[in-house]
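*Asks:* Read off the chains here:
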Amino acid sequence: MAHVQIRNVSKIYADGTPAVTGLDLDIAAGEFLCVLGPSGCGKSSTLRMLAGLEEVSTGQILVDGDDVVGRPARERDIAMVFENYALYPHLDVFANIAMPLVARRRPKAEIRDRVGRIAGTMGITEHLAKRPGKLSGGQRQRVSLARAMIRRPKMFLMDEPLGHLEEYMRIELRREIRALHEAAGGTTFYITHDQEEAAAVSDRIAVMSSGELQQLGTMKELIERPANRFVAEFVGEPPISIFEELRATGTEVSIGDWRLPLPPGSRKARPASAGVRPAHFRIAGSDMPGLSAEARLVQPMGESAAVLCDTPAGDATVIVPMAAVPREGDRFRLVAAPEHVHFFAASGRAIRSGED
Amino acid sequence: MARISVEGLSKSFGAYRVFEDLDLAIPKGSYVCLLGPSGCGKSTLMRMIAGLDTEHGGHIRFDGKPVEHLTAAQRDVGMAFQNYALYPHLTVEGNLRFPMKAPLQKGRWSAAQMTERVGEVADLLQIRPLLGRAINQLSGGQQQRVSLGRALVRHPKVLLLDEPVTHLDARLRYAMRSELKRIHKVMGTTTVHVTHDQGEALAMADLLVIMRGGRIEQAAPAMEVYSDPATAFVAGFLGAVPRTVLTLPLSERDGTAGLRLGGQHVPLPPALVAAARQAGGGTVTIALPASAFAVDPDGPVEGTVAAHEMIEGAQRLVLQADGQRVNIQRSETAPVANGDRLRFRVDASEGLLFDAATGDRLRPPLRRAA
Amino acid sequence: MASMDTSTARLAPKAARAPGSLGTGDILRYALASIFVGFCLFPLYMVLSTSLKAEADIFAFPPAWSFRPIWDNFNDALFVFGGTGVMPFLLNSVIVTAASTAAAVGLGAMVAYGLTRFRIRGGSHLFFFILSTRFAPPVAFVVPLYLMVRQTGLMDTHLALILIYTSMNLSLVVWIIRGFFEAIPVEIEEAAEIDGYSRLQIFFKVALPLVKPGLITTAILSAIMSWNEFLIATVMTQNKAATLPVYLGGFSGSMGLEWGPYMAVGAIAVLPIMIFTLVLQKHLVRGLTFGAVR
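Sequence order for the protein chains is A, B and C. So the number in the working numbering is just where the residue sits in the first sequence, counting from 1, plus 2. So the number in the working numbering is just where the residue sits in the second sequence, counting from 1, plus 83. So the number in the working numbering is just where the residue sits in the third sequence, counting from 1, plus 18.
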């Protein structure tokens, strides 16, 4: 278990492309940190710098206070899990799991004992004599996890470990990963592009985009208080409805035909766009104040449905209980409580009440 | 636009039987989702409809006419592949033109018509500015659109989509979903969409086909499949928090019939009792929504926390009780750790019963038991 | 690298060095590498420098590093040397190399495609058998080939060399290009099938353009082999169809060899194949990245 500090780390590739810019992240000992972001956001580069597979251009990486920049991967005491499992195809499952111990010349009896135990935990005992090629994707990733978990390294690095698996298998394995993290007490740095997965396994989530940290917080914080428009748009399913054209008049702002009080923080920066999460919209009668809307597409989700609407301010999505779902073509108004309307400055930064 | 009928279809790869005697009717102009875990046969079925795999038993008909003897091209289908499979040596425009330049299309498209049609499709998919680009200069979402455009460009009778939005990130995935539905509305083409994402299938399908192990578990309108599942598998497969599916012995206490869970008696509503008795009793399989369970220190059943996670502000728990797994969701969150023991209540009134052996739905007899 | 499990070995962390600066170890390594490169390139230097030297400079000892270059040797090589000059033989070499390379790459690509995409009974044995034609040293085949060529009346013809070189290069082409075809996701070809193209059209319009780097690689290798082959050419040709190596070989045993023109012929022999390779290599570097598939 290690306390990991990433201090002002940048990564610029030889051809001049910046992959990571001025990243600061503090990962507490025993914390499970997820990094969420679109492809090319710098999350993999960050993980590879932590692992020592990629050189750091500038900045420091402190593990328990020691700067490890420049130290090769094998000296960093980490365990890694890859999206493509990265098992040794020529070795059987037992030998694959045993590899980290064999590399450290542990006695045979100890190896047998520890492999047996971790295989039991991961439910792969009956596959120990098989080659990875004979296993399903889920089983392979269990083997890969077992190999990572057989030691107690300072840090676990996981790069989309569930990316290749099917939904039900992902749900099952993410729970096991979390349980293993808690049991092993390691510090875990975990990359995913699946936000539900991120919410499920992590203590905190770092959202990255174009090489920069956008926001660090719990899923709840990211949803309720997005730092900027990128986070607001990237996090949340179904995605937030964004309205690009606002008209501000004195103390009020209009989204289409919906008039709202200007947010208190907007004295410094004028709101340029606004967003409302589908779960925070409600449907109201046409005579109520709100955004006039016409249902265009109903997408059932089970107990509720996401209804895509045409409004004078552009597309908007509202989540409605299945029992109250409108028909396509129905007209109504969409309303939301003022605290659920997020305003963003032209720079994309969120404008918040009480931040004048 | 075509009506597709699959009749008595069977297929095996060597000794491995993918499916046997499969029947499915796809109405003209509908949007069908084939949903199931991997290996369920959904992709194989789509490949046979496409004509990429023609060695099979049984019949596939388009508008009543058998197509088994037709090649993929002669069937006039358009297909978008999971990995996009664009032609990397052609530009976006070249990719869109390629199907119209095929020898089978000879004489059907003049040069001017081709240009016009490429323009139409590019506008529909909002990729006009990309027409001159090379394929490797496109983002995933853009490639997705081009591959869709290539499938649509010829006005095919049937549009086949293999996991068309799986690789996209959430925002793009939702945008593409509504885009696909919009295009379907405009074009009216019979569309078959293969996916393993149940949320996507539920949101998009007119007709939802759930497959497992080469069998069609249920084929019905999406919300009907969700609320009125035909088999225990379907009941436990759909929904953000899937139903808990338990196989339990019938028990009797104080004259009321019920089920035995963790040594406790869970009473069943009378209609379900009748259904269970009709099936012969013994053990039955029951599917219960997350709302049927509530953590309660005074609850009758005790379970061990096997997993816990926070999703959308609610805490999801998996409890191990009596050798079975129970999914519970609660909005008030309390710290728990795996291995903790929690007591909970069960309310079986919303339960659905299934035959423990076959998994088929046990419905209450028409005349309600008093 | 698979498992990134790393040791807790307490090795002293290596001091970070600014990229670009060299340590003593690096300098030693570069020096060794440079010596080896010099060793490899020296024969080429000899050929080129000698071809530009006057007779006195050629035999100067120690060899003169600086001298006044002259073009007389090239004039001799082109028009005088050996009675006819190099031109007829150069032409023979170009014809034989171009035809055998085109045939080997064309046929080889088709064979490789068939072996990759069709389920052929015993396909893997066939694949192995194709390479087995290269297992024995070519000299072992010389007598049977000679008899075949003589019986068919192809002695001293281009066709004889074209056929033999094509068959020799084919196995290499098949082996290399098969790997390229295997890298094409089958869905790209299925898409073309649905679009309405026949197998042959798919081969020409989709598969071949995608294995262009493979075609170029094998074309370069085949051309170099055909261009420089000596043993078979010298047995199967006397005069009419003799290629450059045969022409050059004819002098090597003779006394009082004129080294200047001889080396000029050598330089002329290097040039066409070098240009061919450089031109094609540009396309190779550009290669196709399979951006169409995730």
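Just so you know, these hints were derived from the structure itself, not from any lab. What you are looking at is a predicted structure, and each value in this text was computed from that prediction instead of being measured. Don't be surprised by glycine CBs; every beta carbon is placed ideally from N, CA and C. Hints may contain errors.
[Unchecked claim] Partial pick of chain B residues on the chain A-facing surface, computed with a CB cut under 7 Å: (1) 107; (2) 121; (3) 250; (4) 285; (5) 286; (6) 304; (7) 305; (8) 322; (9) 405.
[Unchecked claim] Distance condition first, Cα-Cα at most 27 Å in a straight line; then the derived BS3-like pairs of lysine-lysine: (10) C/300 - B/189; (11) B/240 - B/264; (12) C/223 - C/300; (13) B/184 - C/230; (14) B/240 - B/148; (15) B/184 - C/300.
[To be verified] Beyond 10 Å from chain A on every Cβ pair, some chain B residues (computed): (16) 216; (17) 223; (18) 264; (19) 279; (20) 323; (21) 444.
*Asks:* Run every hint past the structure and note whether it holds.
*Replies:* For each hint, the structure was consulted:
At a threshold of 7 Å, the smallest CB-CB gap from residue 107 of chain B to chain A is about 21 Å, leaving the interface hint violated. With its C-beta approaching chain A no nearer than about 6 Å, residue 121 of chain B sits inside the 7 Å limit, and its interface hint holds. A least Cβ separation of about 10 Å between residue 250 of chain B and chain A goes past the 7 Å threshold, and the interface hint is therefore violated. Checking residue 285 of chain B against chain A: minimum C-beta separation of about 5 Å stays under 7 Å; hint holds.
Interface hint at residue 286 of chain B: satisfied, since its Cβ lies 4 Å from the closest Cβ of chain A, which is below the 7 Å cut-off. At about 10 Å, the closest approach between the beta carbon of residue 304 of chain B and any beta carbon in chain A exceeds 7 Å, and the interface hint on this residue is violated. The interface hint given for residue 305 of chain B is met, as the beta carbon of that residue sits about 6 Å from the closest beta carbon of chain A, less than 7 Å. For residue 322 of chain B, the suggested interface contact is upheld, since its CB lies about 4 Å from the closest CB of chain A, less than 7 Å.
A hinted interface residue such as residue 405 of chain B counts as satisfied when its beta carbon comes closer than 7 Å to some beta carbon of chain A; here the least separation is about 20 Å, so the hint is violated. This hinted pair does not check out: residue 300 of chain C and residue 189 of chain B have alpha carbons roughly 36 Å apart, beyond 27 Å. A threshold of 27 Å between alpha carbons decides the hint, and for residue 240 of chain B with residue 264 of chain B the separation of about 17 Å falls inside it, so the pair holds. Note on residue 223 of chain C and residue 300 of chain C: the hinted pairing holds, with a Cα-Cα distance of about 22 Å set against a maximum of 27 Å.
Restraint check for residue 184 of chain B and residue 230 of chain C: satisfied, since their Cα atoms lie roughly 22 Å apart, inside the 27 Å limit. As the CA atoms of residue 240 of chain B and residue 148 of chain B are separated by approximately 13 Å, the hinted pair is consistent with the 27 Å bound. For the given pair, residue 184 of chain B sits about 30 Å from residue 300 of chain C by alpha-carbon distance, which is inconsistent with the 27 Å threshold. Look at residue 216 of chain B: its CB is around 18 Å from the nearest CB on chain A, clear of 10 Å, so calling it non-interface holds up.
Not every beta carbon of chain A lies more than 10 Å from that of residue 223 of chain B, the smallest distance being close to 7 Å; the non-interface claim is violated. Some Cβ of chain A comes within 10 Å of the Cβ of residue 264 of chain B; the nearest lies about 6 Å off, and the non-interface call is violated. Chain A draws residue 279 of chain B into its interface by the beta-carbon criterion, the shortest separation being 5 Å against a cut-off of 10 Å. At roughly 6 Å from the closest C-beta of chain A, the C-beta of residue 323 of chain B falls inside 10 Å, breaking its exclusion from the interface.
Non-interface call for residue 444 of chain B relative to chain A: holds, since the shortest CB-CB distance, roughly 18 Å, exceeds 10 Å.
The structure fails to meet hints 1, 3, 6, 9, 10, 15, 17, 18, 19, 20 from the earlier list, while all remaining hints are met.
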